[in-house]
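Residue numbers (the working numbering), protein chains in the order written: chain A, 52 to 302; chain B, 52 to 302.
Take the hints with a grain of salt, since some may be wrong.
Repeated chains share a single entry, so a pair holds when one copy, or any two copies, can fit it.
What the hints assert, rightly or not - No more than 25 Å apart at the CA atoms, straight line, and that leaves these computed lysine to any residue pairs for SDA-like:
{"#": "1", "residue 1": "Lys282", "residue 2": "Arg172"}
{"#": "2", "residue 1": "Lys274", "residue 2": "Leu146"}
{"#": "3", "residue 1": "Lys57", "residue 2": "Asn109"}
{"#": "4", "residue 1": "Lys57", "residue 2": "Gly264"}
{"#": "5", "residue 1": "Lys285", "residue 2": "Gln206"}
{"#": "6", "residue 1": "Lys57", "residue 2": "His106"}
{"#": "7", "residue 1": "Lys259", "residue 2": "Glu73"}
{"#": "8", "residue 1": "Lys57", "residue 2": "Leu153"}
Simulated from the structure, these hints should not be mistaken for laboratory data.
Protein chains: 2
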Amino acid sequence: MVKKVKAALIIIGDEILSGRTEDANLNHLAIWLGGLGIILDEVRVIPDVGQRIIHTVNECRCSFDYVFTTGGIGPTHDDITAESVAKAFDVPLLLNEEARGLLEDNMGKGNLTEARLRMARIPEGASLIRNPVSSAPGFQMENVFVMAGIPVVMQSMLLDVENRISGGAEILSKAIHVFEGESLFAQMLGEIEECFEHLSVGSYPFYKAGKYGASFVLRSPVKADLDDALKDLKKRITNRGSDYFDGEAPE
Amino acid sequence: MVKKVKAALIIIGDEILSGRTEDANLNHLAIWLGGLGIILDEVRVIPDVGQRIIHTVNECRCSFDYVFTTGGIGPTHDDITAESVAKAFDVPLLLNEEARGLLEDNMGKGNLTEARLRMARIPEGASLIRNPVSSAPGFQMENVFVMAGIPVVMQSMLLDVENRISGGAEILSKAIHVFEGESLFAQMLGEIEECFEHLSVGSYPFYKAGKYGASFVLRSPVKADLDDALKDLKKRITNRGSDYFDGEAPE
């Protein structure tokens, strides 16, 4: 049996929902988790509203092995992720001395204004997640990892998260591409997927410079299955008189 | 009273969750909806799994004025959005003659293979959404709009969606930027937000080329409030001896 470990990402931020900012964390986290053998199984983008954060965190932490949040842990009035996560776990939000120390070391004791001290308020029982870029830490509360929204900061926090989580079998993938409509290959794709227990076959049409094509992506934790399935697919494509292309998807 | 109209977007696609493809529809739809006075209030990204699509569609269509889905309406075995939406509404999925006609016109009758005919299967009672790019239609079922995942196709479908939805008051926004830490401005931002009933003030830190800064974004459906609040904020920033910058956020 192949063990599946699943994660959810909660992106907290009005700026994403208004379209002002394009999220860059989803794709980075998806690829990073994939490398650890963890499946990103759902993403939610929600506004900076306390009740929504509480509800979403509670729903996701019961349904997924790991939950990651990004955004809302800065010093301003709209940064309400820490207090909302504390409420979700029904624990108090306390001034954390370790976090205060990290901020003091980075900013200097005299510069630790009331606003900046907000960033040292951490739910009781949480452990800090180091932020090598700008010191203000994230935190882990059980299976929930609360991280910054700024991509470079979020990515730096993953260094401290990596040794706290563990995945199942790594999902391997192979892709090939055709420059014909995906519908011509629909039947063979379905048939190949049926042949292997843990194989998933995705068909992703593209449309570039007036030309249609499709990428077929085979994914499986079992390398031998993946190799056999790819060989089978290539043979079937050739047999129907079509060409396929290996390597990166066409840009 | 300011009327608020809220929408949710459901992005259906393993390829987004695996990190293979970067979503481009969220940001486009967010901006497009904003222009119509509709607030994008939640986004969910879920895998190509029938039960997940059914559950998510049913949860969202009860909670939001409008629901948009992208992805999973092509001709291959992993395109299960139409059948899942039919199940969510508990109606049969039928071969739609109008949709078949559109496909025939575009592809020629002889080329309408069994796989392509899948794209003419539409839930009973739905109305079609025209696809000027590649003919295979989306559909509207009550307040749920089912669209393609390929960005250029999705965007072309919005032309046919625009006259079917109506928004509340358009949310106007103004932004200014500073090249100091946002924490220095935290108190004034909170105070200004308190002064106006429908005003929201967001603070979005950035970190570019080793330099910190923040964008302050004021949003309100009431233009006079927005102007007054911006004037107040600029005055307070100047009074504390700081500079602000108008216009686009720094890249």
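Can you give me the call for lysine 285 and glutamine 206, within, between, both or neither, at a CA distance of at most 25 Å? neither (37 Å within a copy, 33 Å between copies)
Please sort lysine 57 with leucine 153 into within, between, both or neither, judging by C-alpha distance up to 25 Å. neither (32 Å within a copy, 40 Å between copies)
Regarding lysine 274 and leucine 146, is the shortest C-alpha distance of 25 Å or less found within a copy, between copies, in both, or in neither? neither (49 Å within a copy, 39 Å between copies)
Using 25 Å as the alpha carbon limit, work out where lysine 57 and asparagine 109 are close: within a copy, between copies, both or neither. both (16 Å within a copy, 23 Å between copies)
Quick one: lysine 259 to glutamate 73, C-alpha cut-off 25 Å, is that within a copy, between copies, both, or neither? both (22 Å within a copy, 16 Å between copies)
Quick one: lysine 57 to histidine 106, C-alpha cut-off 25 Å, is that within a copy, between copies, both, or neither? both (19 Å within a copy, 18 Å between copies)
Intra/inter-copy verdict for lysine 282 and arginine 172 if alpha-carbon distance must be at most 25 Å: The answer is neither: 55 Å in one copy and 32 Å across copies each exceed 25 Å.
Between the shortest in-copy and the shortest cross-copy C-alpha distance, which are at most 25 Å for lysine 57 and glycine 264: within, between, both, or neither? neither (31 Å within a copy, 35 Å between copies)
Hint violations for this structure: numbers 1, 2, 4, 5, 8, all remaining hints satisfied.
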